[in-house]
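Starting from the known structure of chain A, arrange chain B on it as the hints suggest.
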Amino acid sequence: MEQVMKSALRGIDADYADIRVERSDTTSLAYMGPVLEDIGTFMTLGGCIRVCIKGGWGFASFSRIEDAEKSVHEAFVLAKLAGESKTVLAPVEPLTVRVKNSAGKDPADVPLDEKLLLLKKYNDMMVGTNGIVTTNSVYRDIKKTVWLHTSEGSMIEQDKIYAGVSLMAVARDGSNVQRGMKSFGDQRGYETVENREDEVEKILKITRDLIHAPKVSGGVYPVILDPQLSGVFVHEALGHLSEADFVYENPQALEMMKLGRRFGPDMLNIIDDGSIDGENGRTPFDDEGVKGKKTYLVKDGILKGRLHSRETAGIMGESPTGNARAISASFRPLVRMTTTFIDRGESSFEEMLEGISDGIYACGFLGGNTDLERFTFSSAYAYRIENGCITTPLRDVILSGNVFDTLNHIVNIGNDLTLFGGLGGCGKGGQSPLPVTDGSPHVRIEKVLVG
Amino acid sequence: MFESKRFWWAEMIENILDRVKRRGGSGEVFRTERTSTEISFEAGKLKNAERKKVFAVGLRVIHEGRIGFSSTTDPARAEDLVNNAFVSSRFGKEVHFEFPGTVAKPAGAASAAFDPAVETYSPQQAVFEGKRAVDILRERCPKGLTDLNISTSVTSSRIVNTSGFDASYTTTDLQQYITLVVVEGDSILWIGDGNHFGTLDIRTDAYINKISELAACAEKKAPKVSGSLPVIFTAQEMPNLVEAFELGVNGRRFVKGDSPLVGREGDKVLGEITLTDDPFYAGAPGSRPFDDEGIPSQRTVLFENGVFKSFLFNLDTAAQAGRVSTASAQRGLLSAPTVGTSNLVMSSGKSSLEDMMRSMDEGVIVYGVLGGGQSNLLAGDFALNIMLGFLVKKGEITGRLIDTMVSGNAYQAFGSISESSSDIKPAGSIFVPDVLFPSLSVSSR
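Residue numbers (the working numbering), protein chains in the order written: chain A, 1 to 451; chain B, 452 to 896.
Pulled out of the complex, with its shape left as it was, chain A reads as follows:
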């Protein structure tokens, strides 16, 4: 592989070029209700060439390795078309490195029938429960190798193994349909999906609670977010704003995201860290060959850094952070998050509940979206807080608000940091799902619009 890649780029007359090849094997299983709806394997091989000339990028992808040289020519012609200024890429040291996966048990060594039995066990627990009309239980593992060669001389080979399950129970009472769900997935290996019976019990409890739960009555409430929802919140609210491709060519946006600006209380620390082993967002080297690292986005409440590709870092005169990522070798890398979280604080959960006379404890995550100024996300389930105590379940708790106000309204950060991967991921620029990890401790926010 290395030889093919080297010879493809040899002699190219460009400011910069790279070739990336990816080979992956995926196994996927899905139950809907008692029926095994999908069982299949997918094998991909593909690659892409990027060429940069005068600040313009040409990109060509191919699915047969023999087409690599022809694609180099196509990318070169396209880069010439796109280039009309100057190429500025933050410098990185060329490397030759091979990174092994961080998994324990390799799912490829587990027979298919064993994976199936495991998923069936979780699914049967839900199907056999009174009141559950259907389920959706998915298992997936992916084993991939990505090779990257740059015109500057880097040759990086990385192995990754993902394994995960996503479990959902659906209850129906007339036209009232409610779902309870959880998803686990990361790069730790097959162990991640084993011994999850307790979580299935939790899903069933959540679903039972929701089907009888009243709709939340809309309004502005003090809200405690559980670590999963708070993790999504920080991903949506500050994470996307911190992606430098939003600001690097936009002076007004840069002014808004000026380093040194206050973004929350002193206790608030927000970090993106691609170097954390085993996490879904683990990115030892990004798709430009930059080493993943810990980047403080917010430190002690003050905006401290942002996420970069080599181009955004170069143009802004900052250091690259290893955040240029693509979902596969059919796509160009974009500035993306890795493992993004609010760091541990000092409050216990009991302290957070104190003084809330009428509030909401919002947990889990159905979906989230942001236009960078505003965000909307749905909690999977929620409870009312009355006089400092968690009381009745609530459904349809959708939180929305202004990113800047909401971060400033954080009043407590818990001491119970938890990270969440899962089978889903993040979407941007037509590339979804990109594996990421979000996380946080419990967080109390004083005023949130709940719909």
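These are computed hints drawn from the structure, not numbers from a lab.
Please read these numbers as outputs of a predicted model, since none were measured by experiment.
Only pairs whose alpha carbons sit at most 25 Å apart, straight line, appear in this in silico DMTMM-like list of lysine to aspartate or glutamate:
| id | chain 1 | residue 1 | chain 2 | residue 2 |
| --- | --- | --- | --- | --- |
| 1 | A | 258 | B | 635 |
| 2 | B | 496 | A | 15 |
| 3 | A | 86 | B | 493 |
| 4 | A | 54 | B | 586 |
| 5 | A | 70 | B | 525 |
| 6 | B | 594 | B | 670 |
| 7 | B | 544 | A | 194 |
| 8 | B | 671 | A | 255 |
| 9 | B | 544 | A | 38 |
| 10 | A | 105 | B | 531 |
| 11 | A | 86 | B | 586 |
| 12 | A | 304 | B | 637 |
| 13 | B | 496 | A | 255 |
| 14 | A | 258 | B | 854 |
| 15 | B | 498 | A | 15 |
| 16 | A | 144 | B | 531 |
| 17 | A | 428 | B | 694 |
Derived list of chain B stretches under chain A, where covered just means 3 residues or more per stretch with a C-beta under 8 Å from a C-beta of chain A:
| id | segment |
| --- | --- |
| 18 | 487-500 |
| 19 | 516-527 |
| 20 | 538-544 |
| 21 | 573-583 |
| 22 | 698-711 |
| 23 | 833-840 |
| 24 | 848-861 |
Computed Cβ-Cβ distance ranges for the label pairs, DEER-style:
| id | chain 1 | residue 1 | chain 2 | residue 2 | range |
| --- | --- | --- | --- | --- | --- |
| 25 | A | 197 | B | 568 | 56 to 66 Å |
| 26 | A | 106 | B | 576 | 45 to 55 Å |
| 27 | A | 69 | B | 614 | 38 to 48 Å |
| 28 | B | 560 | A | 418 | 50 to 60 Å |
| 29 | B | 813 | A | 91 | 56 to 66 Å |
| 30 | B | 775 | A | 109 | 40 to 50 Å |
| 31 | B | 552 | A | 34 | 23 to 33 Å |
| 32 | B | 614 | A | 416 | 50 to 60 Å |
Ideal Cβ positions, reconstructed from N, Cα and C, are used throughout, including at glycine.
Chain B alone, transformed into the frame defined by chain A:
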């Protein structure tokens, strides 16, 4: 070179199906070959030009009554493909259908959108068009910066099975999207327009005219609103609501019993609207001669004057439900077929956008939303953050709504539509009018 490759893939398909037959199974190969180009501008600057080629082969086998699936982009792994499909069939679902044999092409059959002009549209032409748009918007909206992309693709699909079906078609696709980003202080405003066609339908001027008009309207902020108000969803935003019915009519939901439409065929569920799944719509992205299992395309009326008529089925869900396929099998490059819509077409009304605005004493018009697909949409519930919307008083736009949500239930909302525009507008593969809902819940923070 290209021809020899085609031949080579054809040989591979034969080879795969031979192996399947030798092992005593029946099989179906679905092959996709796609070439696409895209140019993109970021913040008014040309940044990226790309050309992609994708090949993929999916194999379904039925062996001893059970179905298995595997797919690959790697032609060197034809043998693994067959093995994996058979291994998965050992555990796979029992199925009660067979792959369809050759079907005579009916007269007046649907055809895929194919426009040779899309195939020959060059990245140079796209760059020229992009620069023109960026320059005009820079002059008209100096506070904003423009993101723009134009992409084209040519996709050929072929289905071959051991029952004797062998057919293919080629379709073209054009997408053009323009977004103006205006950042002032801590306010971020996105104003976008664009569309997705099967033909070379470049509409740069229409998009930039609309964007600059909306940008002018957005200068002034509206006061907070709260309560039940009349709301116009412009056609472009209607898919956020129509999606509830897409989920509801899905045959998989029928089989699982979790659609609110189960048991309601023949009932009046919505107001006086008709919604049709229409693979015959000329030039539309979802048009095709047959579905992704080789069943000849057909029109399916989903709701007729509000009466729920039919679910959509593929072969598998039809067999489970004791119905027939509505030619609604749909699959991705590497996935097995599920149930999906082709083009969704909603009946039009008698009004115009201007008349509907005039008819509102006080109301809201929505041009952009955030947060689609997060609520319990299967039950019809929606809660959308209005990214770009205006308060309208007696037909006049009085200002842009800030931090405002619109929510409701699609089944209830479509039960009492007051008016809709007489023209149907494309929003990708969904064709809808602008619609005035007499009363939706609107609340500003």
